[in-house]
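Novice: If you're matching them up, the sequences are chains A and B in order.
Residue numbers for the first sequence follow this note's numbering, so the first one is 1 and each next one is one higher.
Residue numbers for the second sequence follow this note's numbering, so the first one is 353 and each next one is one higher.
Treat each hint with caution, since some may be false.
In silico DSS-like links for lysine-lysine, alpha-carbon gap of 30 Å or less [what the hints assert, rightly or not]:
id, chain 1, residue 1, chain 2, residue 2
1, A, Lys35, A, Lys58
2, A, Lys111, A, Lys197
3, B, Lys521, A, Lys191
4, A, Lys111, A, Lys8
5, A, Lys8, A, Lys281
6, A, Lys197, B, Lys521
Read the hints as simulated data drawn from the structure, not as lab findings.
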Amino acid sequence: MYEKNGEKYFIVDGHCHFWDASPENWVKGAEVYAKGWIECFHAYMGLGPPETHWPIEKFMKYSEEDFVKDVFEDGGVDVGIFQSTYLKEWYADGFNTAERNAAMAAKHPGKLIVNGRWDPREGEAGLKQLEEDAKRYNLQGVKLYTAEWYKGSRGWTLADEECKPFYEKCKELGIKNLHVHKGPTIWPLDKDAFDPKDVDIAATSNTELNFIIEHVGLPRIEDFCFMATQEANVYAGLSVVIGGLMFARPRFFAKVMGELLFWVGEDKMLFGSDYGIWEPKWQIDGFIDWDYPDPDHEEFSDFPRVNAATKRKILGLNAAKLYGIDVPQELRLPDESGTPGAKEDAQLVESA
Amino acid sequence: MSESTRERVLEALDRVIDPELDEPITTLRFVSSCEVTSDGDVEVLLRLPTPQCAPNFAFLMAADARNAVRGLPGVRGVTVRLQDHYTGDQINAALGRGEGFTGAFPGETADDDLEALRELFQRKALIARQSTLCEALLAGGASVEQVTASRIADLPEQPETQRCLQLRKELGIASDPDSPAFVLPNGDPLLADQLQRWRRTARLVRTSLEANGGICRSLLQVRHERSLDTEEVAR
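Using the sequences and the hints given, assemble the complete structure.
Specialist: So this is what it looks like as structure tokens:
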């Protein structure tokens with residue numbers, strides 16, 4: 001729970017990590033990728049307030065004590081959702097595997113949810129692993145990371161035929177929340193690899209599953225919004241939006257938030273700090289106070305208004321619904337208030 | 353002599369556009385170094401915001417830079433190199449051999465010139481640029497009908513207009529003074545009853561390009577200058 005100005009907020013951090021990117025964990029021969037990757041993440045930390053920056057050494061491998069202090073104590077996060085990301089071609093024991101995350105979660109009962117992962121390129125063995133992971137970690141969700149390298153392949157898409165048995169397996173196992181992240185993707189090499197069209201195809205064919213698009217599809221916010229407005233089961237994960245823009249580019253942040261509130265709607269937007277890229281506290285604190293810089297200015301005047309209920313939903317209540325998290329009575333909203341996103345069919349750029 | 357050649361080279365690089373952001377690579381500060389020897393050999397180094405920036409766009413910018421500089425008066429040899437990039441070695445080698453995108457990634461792609469990718473982003477850029485012009489007209493008191501009835505000749509003489517015309521030419525959309533000022537991505541004129549919806553989608557496309565440009569600028573600053581200038585660049 002985060003308390004500010006006498007108001008209490010139930011916080012679900014929908015996107016956090018406990019990673020090990022220290023040089024000891026770099027795969028021999030892939031050091032350039034392992035090092036480049038974490039240095040790139042570290043640059044993103046630089047988009048937050050200077051007093052929250054860490055030296056690269058700490059950033060590569062922070063401690064459990066750091067996590068507990070930053071996320072639970074200072075950040076007031078009630079429940080964190082671990083988005084397991086493997087990257088085993090670069091990090092010997094994985095970047096942050098479900099196993100590593102689960103070990104941490106076990107020490108903090110009720111505070112951390114572990115999401116698993118699958119990769120269609122692993123075929124039958126992958127399906128079997130998913131079954132085992134689902135049982136072991138009580139999976140309700142998975143992180144799908146399409147930019148992962150695997151045996152010479154540099155990525156995959158959610159529309160690949162090989163994904164179909166995995167969607168069916170998710171339904172069978174009760175895994176209903178699929179967090180999708182294209183990452184700094186490079187594949188398909190000659191197309192716009194960030195195009196979320198594959199998510200659209202998967203979401204249309206699998207209406208029982210929820211697709212949470214992390215980082216709102218950045219750098220393709222427009223394609224993401226045009227899709228999310230048409231698909232009831234597509235959600236916006238706000239990690240990177242708040243962390244990367246709210247402090248560094250406040251005016252763009254306001255415009256992006258306005259667009260998301262218009263197209264996606266406040267009932268389908270989920271806060272995620274992306275810890276350890278950014279600490280949650282400044283993000284939550286700033287977002288509670290946030291409004292359009294000049295709400296009546298023509299740039300912002302026709303975006304949906306934001307109020308306390310908007311923020312409660314985004315900071316925790318929406319994710320609590322998706323994950324069946326029990327929210328204390330006094331932190332719930334009195335009723336289903338708010339402005340849903342646009343319902344009209346959007347005109348896609350290439351088809352318009 | 354090499355100083356004036358260098359000026360010409362930099363001017364030519366001003367016309368090389370990041371296809372994804374629709375901004376010159378010079379104002380984005382992607383050109384980290386430009387050296388011209390007294391013999392007219394040019395070396396241009398490009399530094400993108402992250403080592404993981406998409407290889408296809410990286411290739412287009414590097415290849416466009418090379419093409420823009422080649423053939424300039426006073427220029428003999430041209431080397432364009434991507435620094436600090438995942439696929440920099442592959443792209444640099446292909447450029448050095450004068451090859452296209454398939455030369456950089458043999459066996460991984462059959463698309464040598466990436467024209468479809470470029471065109472997709474030209475269409476997005478055109479929407480975004482038109483959005484800026486349209487909003488300015490409406491803010492200046494023009495009615496919906498006046499906006500959709502306006503011709504290219506009615507548009508203000510400004511860089512935004514010039515960029516729209518250039519994009520229309522590249523996309524094969526009519527750009528003579530009597531053509532409609534505002535068109536849909538397929539080139540059809542924008543009609544009055546489509547305007548409100550179009551404004552919504554166009555504004556979103558513009559915001560997306562601007563936000564991406566903002567993140568790229570911030571990352572470049574953080575990675576190479578270690579201080580964040582929060583001033584925003586208006587388009």
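Novice: Which of the numbered hints are not met once you compare them with the structure shown?
Specialist: 2
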